[in-house]
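Please construct the entire structure, taking both the sequences and the accompanying hints into account.
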Amino acid sequence: MSVAENIPDLDRKRPIGAKKLAGRIALYTTLIILALFVLMPLAVIVLNSLRVNEDILRESFIGWPTRITFENWGVAWSEACINAACTGVRPYFWASILMVVPATLISTAIGLINGFALTKWKMPFAGVVFVCITIGVFLPPQVVLLPWAITLSALGLSQSLAGLALVHIIQGTCFTTLFCRNYLINLPDDLIKAARIDGAGFFRTFWKIVVPLSPPIIIVTIIWQFTFIWNEFLYAVTFASSDFRPITAALMSLNADDTGVSEYGFGSAAVLIAAIPPLVIYFLGGRYFVRGLTQGAVK
Amino acid sequence: MASLNIETVWKKYDNFIALRDVNLDIKDGEFVVLVGPSGCGKSTLLSIIAGLEETSYGSLTLGDREVTDLSSKDRNIAMVFQSYALYPTMTVRQNITFGMENRKVPKDEQAKAVAEVAKLLQIEPLLDRKPSQLSGGQRQRVAMGRALVRDPQLFLFDEPLSNLDAKLRVEMRTEMKKLHKRLGQTIVYVTHDQVEAMTLSDRIVVMNGGVIQQFADPDTIYQKPANTFVAGFMGSPSMNFLPVTISGTDNDVTATFKGDGGEVVFPLGSTHPELAGFIGKTVTLGARPEHFVPAEVSGDGMVRVSATVDVVEPTGPDTMVVFTLAGKSLVAVLPAKFRPDEEEAVELALNIKEAVFFDVDSGDLIPDV
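Heads up: the sequence lines are chains A and B, in that order. With the numbering used here, you'll find the first sequence wraps up at 299, consecutive numbering, no jumps. With the numbering used here, you'll find the second sequence wraps up at 369, consecutive numbering, no jumps.
For the record, the hints were derived by calculation from the structure and aren't laboratory data. The model shown is predicted, which means the values in this text are computed figures rather than measured ones. C-beta: ideal position from N, C-alpha, C; glycine also. Treat the hints loosely; a few may be bogus.
Pulled from the structure, derived: some chain A residues nowhere near chain B, Cβ distances all over 10 Å [what the hints assert, rightly or not]:
#1 7
#2 11
#3 18
#4 41
#5 55
#6 60
#7 71
#8 132
#9 195
These stretches of chain A come out as covered by chain B in the derived footprint (C-beta under 8 Å, 3 or more residues) [as the list claims (entries may be wrong)]:
#10 196-204
#11 207-221
#12 225-233
This is how it looks when you write it as structure tokens:
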């Protein structure tokens, strides 16, 4: 067989007709407008965090900074007053971290173990148990607020970091179990059988076979749980106290001093500080997030 | 190595009975193949032998131990899966040693065992690779290595060759047979490929509907199938079946087929004494496609028939001919050079001595007397 000597133009594109071009323009215009609409509030907050408060009060909430200042960020972080304690959002930020990180990791771990037991280990009544767990996903938080308050006080954990973490671990387990079960159900059964014949028990199979195959869903679950627990407001406000207050609850009472003047500048900065951790988590694992959520959708 | 005794094993799932009264006596060092159509219970039986499924009734004995209620890991068996089931995140070496680590075998013994198996299967250069970096044939070898390293009493194979391409499958088949000759292990092997079953096994178990149809050596299965199911399942193309009426005397029997397109008479003489008790009755005549020959090469014990050719399918070494005999469609495998035209009337001859007869009601083979 002879090979063709001259390579023809292989980058040929199908010509676009006028009608199709008009369609494209309309499509992209719409998309750009919608994108701007979504990004506008973020832009306003970012700009305000860089403006002097007098500028905001004198001109308007929406406007360009006359001079750029980073002072707001410093004030928001360590000087602004919250419920008469002028510490900035710093202590609340760390309180949130201390509560969210263990709650995220523990609920993810439980979800993964549950998912494994429900799909790959012949657990009796696995179907019924799974349905019961997923009901938690659809339960509005207002419904369980009072039961939780009673439970936490009975456990001596009311208005504490551990108490709120416990609430999020248990509530979150419903979501993490759902995610992990749907991921692990696609794991080949033969692998688990092979491990059984190789003499591995439940936890050894879990550690050696299941966990190494689960990074995509672990990352998805961590992003989901971290973002949800970090941003959660209802439980945070309800179970907060002077000893322990997550950042979402603290933002509500943010003031510069007791004069009652609205401080949009460092208010904006504080909000942005509060938004940083989920963003960081998302940027680190976002690639996996999309991949994990669509897992199993296409074979 | 050990013998395996399966006694009156039943398996029920909810409302479905997957296995009915399975009895097998597998000898030490024997290569037994379980074969049957999908859903026949062969994989269920293998899972029960492996301890991955429990029996609903009955018992299993491996060597001199009853293993019915032992878990997989305590049975001293090894299994090769159709999907190979290699642990994707482990290297080949880790895949092979995983079982030994679970059993807490000392490291130096593990290393020795891996080296031996790797040498035997020629996978030494692959030991530090991940399964995803291996070809199908290499994965197959690693899966075998993982089983061999255990030196178990019993090997179980679940369609291990069906994911390989045709050429590799034939190679691995030969290799597996060699390996069995060399190591002499007791093997239970599940397949739906009857060629694998015929070529590999010492004995074949043909299953259908959760029931063992026949347990015998390949030649017996092929030449004296226990019933019409076994006869039709084993062999490709399938055996031809014709309902015939038996007439004549004990020493001079005639079988007559009455079809839509006329009557075909098969003078059997005294070649089939087992039909003596069936004079005046209808039985099923079974004739393998290769028992037909072109009429001009026919000799003793051949019965000439006139047929009309429907389809001619040359396979290379042979010519497969679908033809009509008195209104009934049959298949013959004839020499490659025999190439009739479609619609052509041809003269064929049937080697009647090789034909088998089945009870028309039960489908069971009418046994030799």
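Tested hints:
1. 7: holds (32 Å)
2. 11: holds (33 Å)
3. 18: holds (49 Å)
4. 41: holds (43 Å)
5. 55: holds (57 Å)
6. 60: holds (57 Å)
7. 71: Given that every Cβ of chain B is farther than 10 Å from that of residue 71/A, nearest at about 51 Å, it holds.
8. 132: holds (22 Å)
9. 195: At about 8 Å from chain B, residue 195/A fails to clear the 10 Å cut-off, so the statement is violated.
10. 196-204: holds (count 6)
11. 207-221: Our answer is that it holds, as 4 residues pass the Cβ test (under 8 Å) against chain B, meeting three.
12. 225-233: Violated, because only 0 residues of the region 225-233 of chain A bring their Cβ atoms closer than 8 Å to Cβ atoms of chain B.
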